[in-house]
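From first to last, the protein sequence lines are chains R and Z. Going from the first sequence to the numbering used here is simple: count from 1 and add 248. Going from the second sequence to the numbering used here is simple: count from 1 and add 248.
Hints are not guaranteed to be accurate.
[As the list claims (entries may be wrong)] Dumping the calculated SDA-like pairs for lysine to any residue here, alpha-carbon to alpha-carbon at most 25 Å:
#: 1; chain 1: R; residue 1: Lys270; chain 2: Z; residue 2: Phe325
#: 2; chain 1: R; residue 1: Lys315; chain 2: Z; residue 2: Gly283
#: 3; chain 1: Z; residue 1: Lys291; chain 2: R; residue 2: His273
#: 4; chain 1: R; residue 1: Lys270; chain 2: Z; residue 2: Gln268
#: 5; chain 1: R; residue 1: Lys291; chain 2: R; residue 2: Thr277
Everything labelled a hint here was simulated from the structure, so no lab data went into it.
2 protein chains.
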Amino acid sequence: MTRFHLEVRVKPRPGLLDPQGKATHHALTSLGHEGVAAVRIGKVMDLEIDAPDAETAVERTEEMCRKLLANPVTEDFSVSLLGEVEREEAEA
Amino acid sequence: MTRFHLEVRVKPRPGLLDPQGKATHHALTSLGHEGVAAVRIGKVMDLEIDAPDAETAVERTEEMCRKLLANPVTEDFSVSLLGEVEREEAEA
Numbered sequence: 249m250t251r252f253h254l255e256v257r258v259k260p261r262p263g264l265l266d267p268q269g270k271a272t273h274h275a276l277t278s279l280g281h282e283g284v285a286a287v288r289i290g291k292v293m294d295l296e297i298d299a300p301d302a303e304t305a306v307e308r309t310e311e312m313c314r315k316l317l318a319n320p321v322t323e324d325f326s327v328s329l330l331g332e333v334e335r336e337e338a339e340a
Numbered sequence: 249m250t251r252f253h254l255e256v257r258v259k260p261r262p263g264l265l266d267p268q269g270k271a272t273h274h275a276l277t278s279l280g281h282e283g284v285a286a287v288r289i290g291k292v293m294d295l296e297i298d299a300p301d302a303e304t305a306v307e308r309t310e311e312m313c314r315k316l317l318a319n320p321v322t323e324d325f326s327v328s329l330l331g332e333v334e335r336e337e338a339e340a
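Just chain R, with the same shape it has in the complex (with noise of 0.2 Å):
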């Protein structure tokens, strides 16, 4: 069992509203940040999971974004393998 470091990017879809990126974007502008044309946010999540291989790893994390990590409707979700996590670091 080895254990495996992944990201997980959730985004608002494309065309849906995005509240906290509006108002990110109005107070960026109010604060004088230049050419802000657009912002959009969403989560990124750091995961650490125990599985066989990277594959499970990765297939076992675009499981749970389905099941709980982003809403289907109105995100899209991403995962990076960022690689395995160091013995001693997993301990820690």
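Got chain R; can you put chain Z on it based on the hints?
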């Protein structure tokens, strides 16, 4: 002036409490997902920035992170340049 697409990731600093990650970790385990060792949750922001060149776009985005997008005490940020926004897409 070119429109650039950038991605900002803002994550809770290692060692700091992350209640959202803790709750998600607990929920995943309750739902029967095996092998989840750690979950930490941050934000991912997609920005479109009009700037004369890519270097300026990245610099401006880093400045926005220092001033507004990230909490300098509790969060770390990273900025990635994803590319230029196509003309058609920019006007949509």
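Hint-by-hint comparison with the structure:
For the proposed pair Lys270 (chain R) and Phe325 (chain Z), the alpha carbon gap of about 20 Å is at most 25 Å, so the pair holds. For the suggested pair Lys315 (chain R) and Gly283 (chain Z), the alpha carbons sit about 16 Å apart, so the restraint of at most 25 Å is met. Of the pairs offered as hints, the one joining Lys291 (chain Z) and His273 (chain R) holds, with about 15 Å between alpha carbons and a cut-off of 25 Å not exceeded. Using a Cα cut-off of 25 Å, the hinted pair Lys270 (chain R) and Gln268 (chain Z) holds, with the two alpha carbons roughly 23 Å apart.
Taking the CA atoms of Lys291 (chain R) and Thr277 (chain R), the gap is about 22 Å. The hint holds against a cut of 25 Å.
In this structure, none of the earlier numbered hints is contradicted; all agree with it.
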